[in-house]
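S.K.: Given two chains presented individually in distinct reference frames, assemble the corresponding complex, making use of the accompanying hints.
Chains as they are written, first to last, in this note's numbering: chain A, -18 to 90; chain B, 16 to 420.
Errors might be hidden in some of the hints.
[To be verified] Cut-off 30 Å, straight-line C-alpha distance, at most; resulting in silico cross-link-like pairs (DSBU-like, lysine-lysine):
id, chain 1, residue 1, chain 2, residue 2
1, B, Lys173, A, Lys(-14)
2, B, Lys246, B, Lys59
3, B, Lys246, A, Lys(-16)
4, B, Lys246, A, Lys(-11)
5, B, Lys59, A, Lys(-11)
6, B, Lys365, A, Lys(-16)
7, B, Lys300, A, Lys(-11)
8, B, Lys59, A, Lys(-9)
By construction, these hints were calculated from the structure, which means they are not laboratory data.
Spelled out, the chains give:
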Amino acid sequence: MSKPKIPKEKQLPEGLIVDCPKTEQEQMTTGGWRILRSVIDQDECTHCRVCWINCPDAAISVDESGDMKINLKYCKGCGICAATCTVGAISRVPELDFDEVVVYRDLPY
Amino acid sequence: MKGEKKFLAGLAAVAEAAKLADVDVISSFPIRPYTGLMVDLSLKVANGELDAEFVHAEGEHGQLAIVHGASASGARTMTGSSGVGVTYAFETYSPISGGRCPVQMVIADRTLDPPGDFGSEHSDVLCARDQGWIMGWAETPQEALDNTLIYYRLGEDKRVALPQFNCQDGYFVSHIPGDVVVPEQSQVNEFLPPYKLDKPLDPLRPYGHGPQIYSDQGPVLELQRAIVMDKAKEIIPGIMDDFKRIFGRKYDPFIEDYNPNNAEVCLFINGAHAHTARYAIANLKSQGVNLALCKLRFVRPWATDEIAEALSRYKVVGVIETNNSFGVAREAGVFTPEVAATLYDLPENKRPMLISFMAGLGGEAIRLKDFYFMAKKLINTAQRKKLEKPVYWIGFEEDEEDLTF
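For reference, chain B alone in the conformation it holds in the complex (with noise of 0.2 Å):
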């Protein structure tokens, strides 16, 4: 494999995928624990590796304003934040995504206020899955290196031309390195074509963004976008051929389905807690329990179908939620109500029970014994073919400390 073989934290790959790809405009801001990224950014603009405008920007609302212009401008950009920062920034998300400008964020996610909680949960960012862009998160330092080219090529794609999240579990993947490959030049280079626009901002050659409409022509728009976040999950597959010829690293497109023993029930998890259920995995096939791992690579564009085919050889699926979503259906997390309407369509002989485990709130690591407990209530499920409850909270449940399967 080509490259350079060095031991980076996530956001530290980031910044080495930003420098290959020849960002053009970063706008900046401090908050935990995304920051890093900038300052390494910093440090490469400032040392002559990477040409590009580094702008101090006077909080988040204001990275992303500054961003959306330098994009329509032509420029291939990068800006990142984390909890609340994500959520201040929320008015620009809309029109990025409508004025199709493929703006970069990277996310370290983080617990949103209050109180001040610098751990790790997709809340942050899981909130703006309304507004249009592209969103995933990376397991590994290696992916996030990874899904920074990745996103590049798929947003900026002539047919696709929408912005992209880049999210990583802030401290698991964002602080804690990890062997990483990074590519050389030429390969990026044939990977990822420059940023070209049709119709760039220019004083010579003025052109409206946003103007105003009649209601009537506000479906149209809206159907637009429909399409394009479409035509992103058709093409998403060659990207990742291509990702694979190029690199040498396969990625499946829309969702990892790890299932080595045969098992007939499976976690359904998003982000980096999926390392340590690979290992749960493995040492509780040595307990002679078979348990499966159903990864997410792209929340959005949300593959329905490929989706719903994994889930459907199972019984059981046990999705793991690291995020909040007070009141919703089911009352669990922001990924039930879309896993059951992904399920909802499948005949009633292939439709798995539901259930759900809230697990890895407000940053605390999901332990080895945590992935034996959800594996025995999958487990029970499917013995009793009954739910005998839809939703735990992992740290609180009373038979917690029992494991005997």
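For reference, chain A alone in the conformation it holds in the complex (with noise of 0.2 Å):
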């Protein structure tokens, strides 16, 4: 049976198979909902990227400097990279321990 067609400047992608993103959306922060942050201590680090390849969220990832950083705005707290970590170097604390706070959305999500 016949189905209405697309309209040109409504058609999305097959599958909605897209380029990788190269920017942030602001609005969508999910970082808020963390308790324990993971903290890497970076001098016991060996840079063998296990918590990069673990974690759930594609929250970590290599900085210019070679080391691992967690990307705050979406990490949220899981804790699988301090769990995975070979070298115990990662260690979870508590989030109003810190001064800066993750920016929460004006409106509930």
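M.R.: What follows is the structure, given as structure tokens:
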């Protein structure tokens, strides 16, 4: 049975397979969920990247100096990085212990 | 007919087809009765017959997640399950279909828990019929082998790109061997081109799958998938013609219309019990009773027009339900509402009466006696031109022993 046509201006890529995003969407931060923040001791870290590959939110990346960096706008504080770190270089610290806080959205989601 | 004659059970036949199709990634987790497929495939991989990555998943949900990623990276994948394994992986079905990854999942169906019943019932995968996958049952091991090749060809076609449920009745088809002609590699190479993906996942060229959208973009994606499911229906007849040309076996595209004796009443059936039904039809003919059979080949896409046209030739249609949908409209199973919707637009003088038979539940064989009982009910209804009742539960009806027509 025939289906209506999708107008050109509304068309989306098949399967919504899109190019990797280059920017972050400021209104969609999920870091506000966190109550324990993972802190990496850069002296202990051996750059094995086990934390990077296990992060379920892809919130860990390698910065320009080669160190592992956690993106606090999207880290939900699950603790998998701390649990899987091969040398125990990651500790989980209560979020309220820090001065700077991830900005909450004005509207609840 | 080219090819090697073998005596194989349904799952062994699918393993042969997987070898011919040169599957790249297989993810496994055991659950009866489909486990035999993974045992067979692991043997083929171990002795070098099949060059594939054989992954042990930690559960059915993991199985599907593994083949989802592999398929999105450009691998031809195979996985499978039965019963509650199928429902455990449920969350993954929509993303795989929406992500247009042509994964093939081989289902040897099994009654859903509780309690533990290894017997065959179609409910386990019928639960997933709304998820946007191609779905169909094989009646014999030969059909199971052929369906494996046909579903890869259909699902991987660029115009479709949909995953497929390659189903067969647990035990009846999966474990009972039958004559199978295993095709030659050259035939399969002609029929099934390699799997080519436009945008495979690649660390050097990353793509995003399933990003967040605003709700006004939702309808577009849904309509896209409806359009490709329709496209699948369009190209199936061409694929069956190609199959006949290359392999010499003819399959009806959507339904098998089996009416050798010009009957006025018809049984609508899905799956292995059609095999017994054909014997019942031959036996009844010798008693002067004419019965026809309409066997479903594709549950999804459902061929509404073709099925309506086929069933309009009968006075009464009996839908055999080897599945359950408690509380459904007309209180039978899953196929009755679908058949009723199919018949709804027919003009009144061409719309058959509809009866449902709950049969084969729990993995019980549908006996010849049961088919004679069903035929009797269909014929009586046709004569009286009135329904006695819409649903019969085979094995519980009081007048089952009286088989005088």
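S.K.: Hinted pair, alpha-carbon criterion (30 Å max): Lys59/B, Lys(-9)/A. Please report holds or violated.
M.R.: Violated, at about 48 Å.
S.K.: Given the proposed pairing of Lys300/B with Lys(-11)/A, does the C-alpha separation stay at or below 30 Å?
M.R.: violated (58 Å)
S.K.: What's the verdict on Lys246/B and Lys59/B, does the C-alpha distance respect the 30 Å limit or exceed it?
M.R.: violated (35 Å)
S.K.: Taking 30 Å as the top limit, are the C-alpha atoms of Lys59/B and Lys(-11)/A close enough?
M.R.: At roughly 48 Å apart (the allowed maximum being 30 Å), Lys(-11)/A and Lys59/B break the hint.
S.K.: With the threshold set at 30 Å, check whether the alpha-carbon distance from Lys246/B to Lys(-11)/A stays at or below it.
M.R.: holds (19 Å)
S.K.: CA of Lys173/B to CA of Lys(-14)/A, is that 30 Å or under?
M.R.: With a Cα-Cα distance of about 19 Å, the restraint between Lys173/B and Lys(-14)/A holds, given a limit of 30 Å.
S.K.: Would the hint linking Lys365/B and Lys(-16)/A be met if the CA-CA limit is 30 Å?
M.R.: Distance of about 26 Å is within 30 Å: holds.
S.K.: Would the hint linking Lys246/B and Lys(-16)/A be met if the CA-CA limit is 30 Å?
M.R.: Since the Cα atoms of Lys246/B and Lys(-16)/A sit roughly 10 Å apart, the hinted pair holds (cutoff 30 Å).
Violated hints, in rising order: 2, 5, 7 and 8; the structure is consistent with all others.
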